[in-house]
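Novice: Now for the letters of each chain:
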Amino acid sequence: MVTVNISADRAPCVSKWILLLGVSASLFACAPAKPVYIPPQWQTPPKTAPAEAVKPEVQPPRVEQPIVTPPPLIKEQDLSESAPTATTPATSAGPTSGTPSRATEPQYLASMHLVDQAKASLAAGDPDNAIPPLEQAIQVDVYNGQAFFELARAWKMKDSPEKALEFANKAEMLLQDNRADLKRVYQLKAELYRELDDPAKAEYFLQQASRL
Amino acid sequence: MAKSRKTKKKKPRNFFWWKLTALALLVLALFAAGFFFYLYVEVQERFATRKWSVPARVFSAAAPIYPGLAFSLPDIKSMLDLRRYQEAVREPLHAGEYKVGQNNLLVHLREFRFPGRTIPQRQVRFSFAKDTLVKIEGDKGGIPFLELEPVEIARLFGPERESRLLISLKQAPPVLVNAVVAIEDHRFYEHPGLDWWGIVRALWADLLARRVVQGGSTITQQLVKNYFLEPERSIKRKLLEASMALVIEANYSKDEILEMYLNEIYLGQRGSVAIHGMGEAARYYFGRNVEDLTLAEAAALAGMLRAPNLYSPIKNPEAAKERRNTVLKRMLDLDQISPADYQRACAAPLSLARGGTPTKFAPYFVDYVRQQLQELYSPHDLESAGLSIYTTLAPELSLAAEKAIRDGLKELEERYPKLKADAADNPLQAALIAVQPKTGAVLSLVGGRDYAESSFNRALYAQRQPGSAIKPFVYLRALDEYTPTSWLPDEPRSYSVGGKPWTPKNYNGRYQGQVTFRTALEQSLNAATVSLAMAVGVDKIIPTLRSLGVTSPLKPYPSLALGAFEVTPMELTGAYATLDNDGQKPHLLSLKEVVTEAGEKQQQRHVEMVSVTSAAKCFIITNILEGVVEEGTATILKTLGVDFPCAGKTGTTSDYRDSWFVGYTTDLLVLVWVGFDDNRSTHLSGAQGAARIWARFVNNIRPWINAQSFRVPPGVVERYVCAETGMLATQSCPAKKLEYFLADKVPSAYCTAHGGN
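Protein chains in written order, with this note's numbering: chain L, 1 to 212; chain F, 1001 to 1757.
Everything labelled a hint here was simulated from the structure, so no lab data went into it. None of these values were measured; they are calculated from a predicted model. Just so you know, even glycine gets a beta-carbon here, dropped at the ideal spot from N, CA and C. Accuracy of the hints is not assured; some may be wrong.
Each pair of labels, with its calculated beta carbon distance range [said to hold, decoys possible]:
| id | chain 1 | residue 1 | chain 2 | residue 2 | range |
| --- | --- | --- | --- | --- | --- |
| 1 | F | Thr1118 | L | Thr104 | 29 to 37 Å |
| 2 | L | Gly125 | F | Ala1307 | 32 to 40 Å |
| 3 | L | Glu162 | F | Tyr1461 | 25 to 33 Å |
| 4 | F | Gln1603 | L | Ala124 | 23 to 31 Å |
| 5 | F | Gly1101 | L | Ala124 | 35 to 43 Å |
| 6 | F | Val1134 | L | Asp198 | 44 to 52 Å |
| 7 | L | Lys158 | F | Ala1535 | 42 to 50 Å |
| 8 | F | Ser1078 | L | Gly125 | 38 to 46 Å |
| 9 | F | Asn1316 | L | Lys158 | 21 to 29 Å |
| 10 | L | Thr104 | F | Ser1496 | 58 to 66 Å |
| 11 | F | Val1134 | L | Lys158 | 36 to 44 Å |
| 12 | L | Ala103 | F | Ser1272 | 33 to 41 Å |
| 13 | F | Glu1453 | L | Ala103 | 36 to 44 Å |
| 14 | F | Ser1496 | L | Glu162 | 38 to 46 Å |
Here chain L stands alone, though its shape is the one from the complex:
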């Protein structure tokens, strides 16, 4: 990290004060209203370019942009809570039912067709027949959080909590914009940590679930 030292030249008394006032005024003008902006969730860049300058973009633009202060979507104190995993999600601004654009993406639709097939097998208590279509579902749409969630459930049914947890972690990353699904992921993770004899983490995820 680079350390910045500002040193003002010594000047006669009045000039010094004028200079100080001037510097303070320009600093005040430059400083953003809020120092920290954190996007809380996965974001997809909009299909039409360019994005609004206030919105965070996946692809950094290659042209100069004016500094703008994006409104924070979460409070700073949410981030300061310790979390056992690096992928601790921040709470989203409000309940959403999934990113609208995803629901029309062809790979998502095809992938969900497979997920629905698998869900029927899981409902019938047959994880062995659920896993192949779910694996195909994530092959078709690598960002389908529901497919990863159902895979986690399938492996839990097969008494493989470690495997289930890996898929649950992925689901957690991908379902940030869907509170209902995210809650189910937290609940599942809590159960998995309980099975793995980690009550602290189990309790943590139960609390995360209850906050949604």
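Place chain F on chain L using the hints.
Specialist: Chain F alone, transformed into the frame defined by chain L:
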């Protein structure tokens, strides 16, 4: 008195001969009984256990197809051609046929049975608009998703090299059964194994010719001949054959015998491989499952039974057609078909399936799969137990990869003639691995330029230095202490390596003084990278490399940061797959399932991954590697037509011995290596060599690439920074850019060069 003495003398002699005759008959009967018992045991033994040696079949993955895919009509058509579909000459379509329309393709998909599920046989219509598949329609309306059946990519033959696809009698359509019985043994269901009338007829013909000229063989006798006996035409062989036929008829039903016959009978050659059985013949000659055979096709196959090579529809189509029509006439005479069916079938052309998949399809990949199988099964089981092996191979990508390597190396040799001049018996080589990082599926694996010249699988076994291609993982580890805007010294500095001084040099011999973390990786600056590695601690980078799957010996020398150790291309692929999979290292899968002939799953492999680092760190490195393509050492890709979001890293080793490029999108990762086997210099950087082949490959498979941006995961913060100072940008900064930071490493200081505090 004299008369009675004579009578008494005759009696003992007659009685003796009668006794002798009776004894001889008894011995003969015992011998016959013993002989027939021996035959019975022989038949029971052979038929009760495995009847045939059926080689293992290796399949690619099924191809997922859904509306919205960027597949044009020619793309789908070539996928169908690869699966030996034929263009229909008339409607209605039969299974395995398609018809090209205006912006649409009508296809009658074949049934394919997987363990636990089946791709159903059905007719579908694919509709296209502007090189995109917009709709798939079946009988019941729109279809959101379907699979094209896998391609059979290999069979693992035994020494006898027989190719066979076992069928049950239920699968054989009535037209086939009738055709076979009509032409070969029309009294099959009436005689007890021997057709006495047929034998008499044949014997008479033999006597007239004074040699064996005609068979009177029933289907049962033919089965015996093919299954048990050596080919020979003699009276002795005939007698043996007849005896065994009687034994078989006594122990098995007519249907069982016919089923065995339909699976045993020889029906031609495919190169050095013999085709046995109607199941295999139906697929080979007509590209159909046996249950889908038409009357004309069934008659053609039945006609081949007498002389498969003479009546082969491939080698002698005219003779095959004539023979087919003879069979049809016979069926008509026996009232098995109507005159209308007869006319129609006689007029039908012989539509043969397209030439099969290349005899060596994806040979390096098949070798890799075979190796894994050999750890699980004996060679005998692999060659004869009729296993079905399902893999992850994407056949279209595999063909594209082989072509990219072949054409790419040729292009390099034309561009740099010295490469060819030096290469008399040791040509420039390449390897290419394509995986789906989120599942670990190995979609393509090519281990060399030409399998026929060298079957050494460089993708798996070539131990080569990765050079700069290892740098992303050094920077990955350094993210614990640094950010993309951290400053690094890029200046000549000496280090001690094994007691000797060593000074890392940049590619162009120039040093930039101070560079950002991002720039150092984008521009692949050696001096800055080594400086970073020393600051982080080389011994701390080693566990990172180990967690990513590098197994080679690693010494904690500064040169480790520049890839001065050996890895295989597969190891490096696994490491990069972790970056592309949000910090979860996927298990690279090639073998998915092994299923027995009876449909029992013996082996099943699933998607597996293990978390080794965070998604946030992987995203930041990926974002910098996108910069490598945009502004760094791989900008050549843009000039080669790569126009979708991708991240990548070039790799060049000392003296240009290895040229690497690893590039990935959200759902495809491709690694290419180029070099000489004897480790001499290629004079090619990663951009000049491997990256060109990479671009050629991805351009060839463009419809398969889902061009989407990498998503920002939780734990990553975006900030605008000054392009000059790297500090948080102020309004006075003349150039600003968006930068990403780990949530716990967000800088707080504003640009001091342009008015910040």
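Novice: Taking the hints in turn, state whether each one holds.
Specialist: Hint by hint, here is what the structure shows:
| no. | hint | result |
| --- | --- | --- |
| 1 | F:Thr1118 - L:Thr104: 29 to 37 Å | holds, 30 Å |
| 2 | L:Gly125 - F:Ala1307: 32 to 40 Å | violated, 57 Å |
| 3 | L:Glu162 - F:Tyr1461: 25 to 33 Å | holds, 31 Å |
| 4 | F:Gln1603 - L:Ala124: 23 to 31 Å | holds, 24 Å |
| 5 | F:Gly1101 - L:Ala124: 35 to 43 Å | holds, 40 Å |
| 6 | F:Val1134 - L:Asp198: 44 to 52 Å | holds, 49 Å |
| 7 | L:Lys158 - F:Ala1535: 42 to 50 Å | holds, 45 Å |
| 8 | F:Ser1078 - L:Gly125: 38 to 46 Å | holds, 42 Å |
| 9 | F:Asn1316 - L:Lys158: 21 to 29 Å | violated, 56 Å |
| 10 | L:Thr104 - F:Ser1496: 58 to 66 Å | holds, 60 Å |
| 11 | F:Val1134 - L:Lys158: 36 to 44 Å | holds, 39 Å |
| 12 | L:Ala103 - F:Ser1272: 33 to 41 Å | violated, 54 Å |
| 13 | F:Glu1453 - L:Ala103: 36 to 44 Å | violated, 51 Å |
| 14 | F:Ser1496 - L:Glu162: 38 to 46 Å | holds, 43 Å |
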